[in-house]
Amino acid sequence: MKKAINLSVNGVSRTDEVEPRMLLVHYLRDVLDLTGTHVGCETSLCGACTVMLDGQAVKSCTLFAVQADGSAVTTIEGLAQNGELHPVQEGFWEKHGLQCGYCTPGMIVTAAQLLERNAAPSREEICHGLDGNLCRCTGYQHIIEAVEYAAAKKAGQS
Amino acid sequence: MTNNYVGKRVKRTEDPRLIRGLAHYVDDVALPGTLHVTFVRSIYAHAKITGIDTSAALSTPGVVAVYTGQDVAGKIGPVPCASALPELKVPDHRVLATDKVYFVGHPIAAIVATDRYAARDAVDLVMVDYEELPVVTDVEQAANGGPVIHEAFGDNIAYKLTSGEGDIDAAFTAADRTVKQRILHNRLAPIAMEPRGVLARYFPGEEELTIWSSTQIPHLMRTQVALMIGIPENKLRVITPEVGGGFGSKLNVYSEEALLGWIAMQLGKPVKWIETRRENMQATIHGRGQVGDIEVGFKNDGTLTGLRYSVFADLGAYHQLLTPAIPTLTGLMLSGAYKIPAIQMNITGCFTNKMATDAYRGAGRPEATYVVERALDLVAAELGVDPAEVRRKNFPSPDEFPFHTATGLDYDSGDYETALNKAQEIIGYAQLREEQKKARDEGRLIGIGVSTYVEICALGPSQAMPAGGWESATVRIEPTGKVTVLTGASPHGQGQETSFAQIVADELGVNINDVTVIHGDTGVVQYGIGTFGSRATAVGGTAVFVAVQKLKEKAQKIAAHMLKADASHILFEGGKYSLQAAAAASATGVSEPVVPVGQAPAGALPEPETDGKSNLTIQDIALAAHLAKDLPPDTEPGLSATYFFEPKNFTFPFGTHIAVVEVDHETGDIKFLRYVAVDDCGRVINPMLVDGQVHGGIVQSIGQAMYEEVVYDEQGQLVTGTLMDYAVPRAKHIPNFELDRTETPSPVNPLGVKGVGEAGTIGATPAIVGAIVDALAPFGVRHLDMPVKPENVWRIINGN
Numbered sequence: 027m028k029k030a031i032n033l034s035v036n037g038v039s040r041t042d043e044v045e046p047r048m049l050l051v052h053y054l055r056d057v058l059d060l061t062g063t064h065v066g067c068e069t070s071l072c073g074a075c076t077v078m079l080d081g082q083a084v085k086s087c088t089l090f091a092v093q094a095d096g097s098a099v100t101t102i103e104g105l106a107q108n109g110e111l112h113p114v115q116e117g118f119w120e121k122h123g124l125q126c127g128y129c130t131p132g133m134i135v136t137a138a139q140l141l142e143r144n145a146a147p148s149r150e151e152i153c154h155g156l157d158g159n160l161c162r163c164t165g166y167q168h169i170i171e172a173v174e175y176a177a178a179k180k181a182g183q184s
Numbered sequence: 005m006t007n008n009y010v011g012k013r014v015k016r017t018e019d020p021r022l023i024r025g026l027a028h029y030v031d032d033v034a035l036p037g038t039l040h041v042t043f044v045r046s047i048y049a050h051a052k053i054t055g056i057d058t059s060a061a062l063s064t065p066g067v068v069a070v071y072t073g074q075d076v077a078g079k080i081g082p083v084p085c086a087s088a089l090p091e092l093k094v095p096d097h098r099v100l101a102t103d104k105v106y107f108v109g110h111p112i113a114a115i116v117a118t119d120r121y122a123a124r125d126a127v128d129l130v131m132v133d134y135e136e137l138p139v140v141t142d143v144e145q146a147a148n149g150g151p152v153i154h155e156a157f158g159d160n161i162a163y164k165l166t167s168g169e170g171d172i173d174a175a176f177t178a179a180d181r182t183v184k185q186r187i188l189h190n191r192l193a194p195i196a197m198e199p200r201g202v203l204a205r206y207f208p209g210e211e212e213l214t215i216w217s218s219t220q221i222p223h224l225m226r227t228q229v230a231l232m233i234g235i236p237e238n239k240l241r242v243i244t245p246e247v248g249g250g251f252g253s254k255l256n257v258y259s260e261e262a263l264l265g266w267i268a269m270q271l272g273k274p275v276k277w278i279e280t281r282r283e284n285m286q287a288t289i290h291g292r293g294q295v296g297d298i299e300v301g302f303k304n305d306g307t308l309t310g311l312r313y314s315v316f317a318d319l320g321a322y323h324q325l326l327t328p329a330i331p332t333l334t335g336l337m338l339s340g341a342y343k344i345p346a347i348q349m350n351i352t353g354c355f356t357n358k359m360a361t362d363a364y365r366g367a368g369r370p371e372a373t374y375v376v377e378r379a380l381d382l383v384a385a386e387l388g389v390d391p392a393e394v395r396r397k398n399f400p401s402p403d404e405f406p407f408h409t410a411t412g413l414d415y416d417s418g419d420y421e422t423a424l425n426k427a428q429e430i431i432g433y434a435q436l437r438e439e440q441k442k443a444r445d446e447g448r449l450i451g452i453g454v455s456t457y458v459e460i461c462a463l464g465p466s467q468a469m470p471a472g473g474w475e476s477a478t479v480r481i482e483p484t485g486k487v488t489v490l491t492g493a494s495p496h497g498q499g500q501e502t503s504f505a506q507i508v509a510d511e512l513g514v515n516i517n518d519v520t521v522i523h524g525d526t527g528v529v530q531y532g533i534g535t536f537g538s539r540a541t542a543v544g545g546t547a548v549f550v551a552v553q554k555l556k557e558k559a560q561k562i563a564a565h566m567l568k569a570d571a572s573h574i575l576f577e578g579g580k581y582s583l584q585a586a587a588a589a590s591a592t593g594v595s596e597p598v599v600p601v602g603q604a605p606a607g608a609l610p611e612p613e614t615d616g617k618s619n620l621t622i623q624d625i626a627l628a629a630h631l632a633k634d635l636p637p638d639t640e641p642g643l644s645a646t647y648f649f650e651p652k653n654f655t656f657p658f659g660t661h662i663a664v665v666e667v668d669h670e671t672g673d674i675k676f677l678r679y680v681a682v683d684d685c686g687r688v689i690n691p692m693l694v695d696g697q698v699h700g701g702i703v704q705s706i707g708q709a710m711y712e713e714v715v716y717d718e719q720g721q722l723v724t725g726t727l728m729d730y731a732v733p734r735a736k737h738i739p740n741f742e743l744d745r746t747e748t749p750s751p752v753n754p755l756g757v758k759g760v761g762e763a764g765t766i767g768a769t770p771a772i773v774g775a776i777v778d779a780l781a782p783f784g785v786r787h788l789d790m791p792v793k794p795e796n797v798w799r800i801i802n803g804n
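From first to last, the protein sequence lines stand for chains A and B.
Numbers given in this note's numbering equal positions in the first sequence, counted from 1, plus 26.
Numbers given in this note's numbering equal positions in the second sequence, counted from 1, plus 4.
Same shape as in the complex, but just chain B (with noise of 0.2 Å):
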């Protein structure tokens, strides 16, 4: 209102602590007396335990314990999954392996020692002898009659559904043509900076539990972790103190959380495990995972008339928490930013030999993207067509929304044409196709790659979640003027720190360093669903929003009662409360010291005093309803707010992403000419962040289509199990990003934002490898595979 920072490029708060090195990490908590704990993972993928013999790490100095599955058999509960899919297979998921393993990395035995470097040396002390079994990583061989990985289900199917609306079969009777392609989507590490971590600690006395954990979902793993470990749910705390990265991986609960909190109330001494690089290849979710195949029917115009698409979605061994249900995310998007009569997807769900894949940054919707927009693609070099205009041919008009898609849902907003049009304005498209032509004729290949994508956030109306899908927030001013604001969302690098404190400045009309926001502590903030799928602005920053309007009714009629006035003639103007002019005009004078004014006793706060006062700010009135001396009928002392948001949609983002690419013609090297990103996430609380959210999810799509992949090999070995063979992008990989937005607000929240989170990973792959096939298309290239290496590349170029 009156300070502006809504909108404003405010620099974060969260930085001052993170740039000089005091922050707290899981790993940075340190307690007196801690025990450090270590995982025996299995290095088969597939294989019989036959026996266990942990004496000679018992036996070694500073080993205080071992534990098997055998140990904790019947006292911990499955790690849960929350998706309830019909006749959805869910195996029995013990947090440490009893008969047998499924994958490498598959924890054994959890070892607790004095220091960590005993509690390492312990690992290789245990002895596990294994009977090894057939293994089976592909997931069409899982699918048609590979080795069976869980025998109880008798097949490795964990659940088949098909989605969708419309007369599929008359939309390609209706057809002037269709396209075929497989596509596959790599299977990627999601790797947030800093790996997971656990520590514990068990008082006994109290009964009371603290588990510190890097995690995006504090109080869900606290519901959880409470009923695996049987301790009751409000005897556990859980805080996550800074966590280096989540992308999802951390949108999970674990086998080593329900474990450390046992073991620390077995032990009655603090335990910690801090997860190595190695362990987080292996052990923490991996994301993608899907082969598929596209069909797509469409007029000779362009014109769409169905999309058909039918995946193998690789699970891995077991489900994590969302495990099953990340590619239904995809068959919700799959209508993309397109009118399509007739959509269906066929999922076939498998089990195979691997880390169990689940949410990774967009998780199932990048996946939906880059299936549309490689068909639109394909359908734009059928005909012909430049692939802007085949697009474009197919949008809905911004007067068509709620616009329903075939997959059964309604989006909130969109003007996809003004973000396309800007996106090619920017970049000169009409031109530098003309460059492109003359470079070709100079026999140098440039490409150039349109993504015109829409994403699904905010998730989500409880409806469409598994544990609820609104958001908490509690906005209350203490005594002495600060406020402070408690939200459920629990960020991760995200900045909301700032973002909430920039809603909650302006709307109080206070400096946005009197506001602290607060989470990740279920000891000290109300429920909550957490941070990931883009929802912790548009659902948690609702949230906050409206309870701070809560709040200001309730400051309203006290700033009345103090004023001697009627609320309706009381007006809140930067960040203070006055009698309007008519009212003032009438008021007969000064009116009476609402608080009696007294000597106060040493140490008491100082009375807020109205006397000769036409205003109050608002923490003259928090004040007054701490101290609670005179407020009007009926009121609550304190000036404090809760609010639970429930949206009553998904938003949906969108926006156009253009890459140009150069291959080089003697090494198949890849190199970016130019990107350029207009993203529409409604509207914007802070830009700058904004571009640090499509920055690196762009760049993390860079990663997806041209070095990331997660290799095992046939005997289910990850082959890529450090950082130095699974590539990760470093600074010399990205292009100059030239970023640029349009604003079309959501009707969904009062805020009017959508969210941002994940748009890079959503729509930056199809446009990245759009350009290197465009690239390629002298050579008659019309798709390629993620992710797409200079290898590939330069066997294309030298026919072989």
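This is chain A alone, in the form it adopts within the complex (with noise of 0.2 Å):
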């Protein structure tokens, strides 16, 4: 019954045999032992599982690994850039952009989407964009100064 896939996950190619029903975020956390993306509430609300396939951000809580076959992944694991912290992890840090940090790989895989989109997200975009993710502890204030300092880091690299 195990179907074979073939995906490449933070830049590395990988083959596997998984049950048709593994869910993505299953096959990160149990078969690569990628545990950064968790599980908040199984049902795409909390976003805690959030990781770009694709270029695109998506809940891996409600995606198949076998629907992730020939794709992408980016995980939280994979954002820093040899050694290097990605803006929005590096605002992340410097905002007290998170506490318990459990929302967090969710959120920042989330904004850098959302930086991808948009260089320069107003206050608003920035809440439209973080819609998905629910964050318990930080008030999300912020977390939004965390993506505006991320989007003015990145302006000035470029």
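The set of hints was computed from the structure by calculation and includes no laboratory data.
Heads up, some of the hints might be wrong.
Only some residues are given here: those of chain B computed to face chain A with a beta carbon under 7 Å [said to hold, decoys possible]:
#1 Lys12
#2 Glu198
#3 Gly579
#4 Lys633
#5 Leu635
#6 His699
All C-beta atoms, glycine included, are put in the ideal place defined by N, C-alpha and C.
Now that you have both chains on their own, put them together as the hints suggest.
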């Protein structure tokens, strides 16, 4: 019953045999040991499981691993390059955009993708972009500031 | 001292692992051969179990075992309740239901399988026969002749309690006027983003059980679980890895924690259970859940004479750890920030066919603040005066502290008017009221809400706590000079790995990166109480601070010995011990080397050198203390100190929150225009962390005030069983917070800190509801129950 999948995860090619019903998040966490992607609700409502699938932020708790066959997946572990934090990661650290850290990987991945689409989002656009991600600790203000910090940082780099 | 980390915005040392996805929460801990556990839970709120057939589940590939209530009866003790109120009825709370179920989500059977999918499949294969019983979900119906839940008790009243001081009847006689209001405190779900989770592993040879649990109280849990499953406490190790939020929901001891430990011992294999969000909504404690009547007496000039609050507390079906105690905390804080000569609280705690209520961020105190602040608004409305002025009129002045309340507390310190003034100044209060008037004339509905709250933190003196209110710390300097701090507090997002390191680095004059704070492992850390009740810094931080002082005393003696001087002549500054100038002048040249210099064997630690040195770093001393070749007489080797701090009193942070909202005529939608919070949490260790706590707390208040509500229908079915139905605030729902502070140090601890973890959930709801009510004042509205939804608002505007 298992099905072979080929995909790239954080730039590394993977070939695995998985049960057709295995969720992408469980594939990432249990098979690849990439436990930075979290499960917070199993129903696509909280966003803790957000990863990038071919450049789009998606909820990996409601995708099957087989749906990622042939795709490129980026998880929180794949954002930092050559030991250097992604600007959004840096923003979260600088602006205290996290407390317990559980929603953080999903938030960061979502924010990173938001900035890919919109390099200079307004506060309203940031809030809209993060609408699928819940945080219970921070009250969001520092998260919004973290995304603004990252946008400014990226603008300075380019 | 020299570094001055304390008081600065120091970035968190926790963050690098968290932002890179490299931290470990319970479900990220992988042990080879782990079995997965799922639970069969009741689909009825009240029913007899007439049969359980586990055969189909047991014959499913991958299923290893199924345990029912009968299987564990007599083997696992009841889920504990630590509250000891007089004549409290305590139901026998078994880890799995045996003959009856009492709420939707009540665990009935545990399934163990080789993977999580098989374990989940098998849940549907356990056949439970139920005989439905009448259900009671309304707390007043439960109190007044509704179906009895625990038959042995005869009724649903778990306890009745009257508290307060002063002559309440005389207080109302002395009043020129009284106002009454019935108010509701909506039942809430804490929703830590990481649901609960337990991993248990047993080594039969060593007879050692290790439980990883997402808990706020590793040591208290170890004690209770050891008692429940009958393992010696010193053979049980509890580890709390990263904990993804708690908010009180993990300040508890749950069925699953004991069961997983017991199952691991039965099977000799690691077992893991990770709560689903649906289970989290059903079977992790809820918060609030009170309905009560306020009566407040006052003079025509606004002076308060007395307050009475009679409340029905919805306890749910069973007591969890602190369930019955939570409403009593409401009673403690009913004086708010005001001089009220007489206060009376009458609590009727009732069982209902719902999940237990317990400590949710604020835990009884948000209810108190809401009662008092709503009462003050009602008084202001009755007298036709500004709500801020009624508050100002009744504040105790700063020189009246310690201030004794008619609820039996002694507030440590406070300057309520300064916080109010500052908030009014920031928001431009007088002008704002003018603008509001103008807007009303233009047909716009703008409202301003004021809350001048006080809260009770640093829980607490042991006298007032069920299981000790102290906190512990060990500070140790390793041979290589690195500083290790072991704290009994068990933070889970609050940032004490950073703030405690700030305290220690300052006191020792070392780099903050040389300090590591370890917590949440009973195998490593001395017994501690945990993180809740805004206590971690005020109580746990103080323990760290005092432990450092003890360590420095010892280091001073060793330094004196090494520098061949009297300890009283040794100065510690900038991380270095040196001879004071006067003593140095009289010293007789170069001192003898304290440590004999010889050929060190390979791998030996470098030996500290003192010859020719006039000063020593604390790390030099730590190494000398570790090598112990020449220590002062009667000095223990090593450089380590442990302290258990027992606070003499609670602390009482306070502040003023002002919310400004606009209500949409057409839709009833409520929009924030401004939100100013001036909080006073005593001395601030890290302002960035304090701001984060305030933001998060206020947003949970926004949730309570405008969105969140746990709803059970008449059959006791949980209507708000997912995050689709239970509305947690999102980024778009928040105002732009304008925060400021006043700083009134607490005299209760040497750090002067008070605590800030719950301020936002305690101070904000009355400001938000007050603002919405004020916006609707032209329609004659004086009070609205939470959550205030656009629909309620629209109906008021449209008169239906």
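Results for each hint:
1. Checking lysine 12(B) against chain A: minimum C-beta separation of about 13 Å lies over 7 Å; hint violated.
2. Evaluation of the glutamate 198(B) hint against chain A yields a held restraint, the C-beta minimum of about 4 Å falling below 7 Å.
3. Nearest Cβ of chain A to the Cβ of glycine 579(B): about 27 Å, over the 7 Å cut. The hint is violated.
4. The criterion of a C-beta within 7 Å of any C-beta in chain A is not met by lysine 633(B), whose closest approach is roughly 42 Å, and the hint is violated.
5. Given the 7 Å rule on beta carbons, the hint for leucine 635(B) is violated: about 42 Å separates it from the nearest Cβ of chain A.
6. Checking histidine 699(B) against chain A: minimum C-beta separation of about 3 Å stays under 7 Å; hint holds.
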